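As a plain string of letters, each chain reads:
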Amino acid sequence: EDQVTQSPEALRLQEGESSSLNCSYTVSGLRGLFWYRQDPGKGPEFLFTLYSAGEEKEKERLKATLTKKESFLHITAPKPEDSATYLCAVQATAQGGSEKLVFGKGTKLTVNP
Amino acid sequence: DAGVIQSPRHEVTEMGQEVTLRCKPISGHDYLFWYRQTMMRGLELLIYFNNNVPIDDSGMPEDRFSAKMPNASFSTLKIQPSEPRDSAVYFCASSFSRANEQFFGPGTRLTVL
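As they're listed, the protein sequences go chains G and Y. Mapping of the first sequence onto my numbering: position 56 corresponds to residue 56, and the numbering continues sequentially without gaps. For my numbering, count along the second sequence from 1 and bump the result up by 1000.
Bear in mind the hints are in silico, worked out from the structure with no lab data behind them. A hint or two may mislead.
[Unchecked claim] Below, in silico cross-link-like pairs of lysine-lysine (DSS-like), each with a Cα-Cα straight-line distance of 27 Å or less:
1) G:K42 x G:K68
2) Y:K1068 x G:K59
3) G:K100 x Y:K1078
4) Y:K1068 x G:K42
5) G:K79 x G:K42
6) G:K57 x G:K69
7) Y:K1068 x G:K63
Bear in mind the structure is a predicted one, so any value in this text is a computation, not a measurement.
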């Protein structure tokens, strides 16, 4: 069974204090790993898709990386507006082509000014 | 583009009542997904459609849940009869092709008393 574990569950940072969020996954074959941001009372918002180990993608203060077992979301010099819950999801390859995304429970990030 | 549209945004009902949640996907997207999000279980896939056809409903918790997609621009998720444990936020998402990122609606917060 495909599984996604995110750590830590919650993270508090001071503005400008860089850190990383972890997403460990178990999947029979990885089609893609997705990062989403979710603000309170809203639906998840797509950030990145990573497809193969060694791949990296950046957007503003965020950089996502991927290995064969885990992904990291690095946040450089965060600002209060980066506060949100960050969700990781995997999509597995499977005979018959499963489109299911399996989500982790997320990391709630709070950035204090 | 208006994004994925869901209605109602909030629903409060009494146990035993029928509940119908509605979703309009992004125009041109051929995949539609229904998710449920709770604190305990996170974001779980209930069912998804491709070109209006249900592909996988293995996440539907019980026969009380049913979903339809009568055309490319409309889908419903129905719970009959509703129970307090159905209280959650229900999200609809759509995507263009099976490997692409999913775009989520704002969600419907359901409370069953």
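The hints, checked one at a time:
1. G:K42 x G:K68: Not OK: K42 (chain G) and K68 (chain G) at ~31 Å, beyond 27 Å, violated.
2. Y:K1068 x G:K59: 37 Å, violated
3. G:K100 x Y:K1078: 21 Å, holds
4. Y:K1068 x G:K42: Distance of about 24 Å is within 27 Å: holds.
5. G:K79 x G:K42: Given that 27 Å is the threshold and the Cα spacing comes to 20 Å, the pair holds.
6. G:K57 x G:K69: 17 Å, holds
7. Y:K1068 x G:K63: 38 Å, violated
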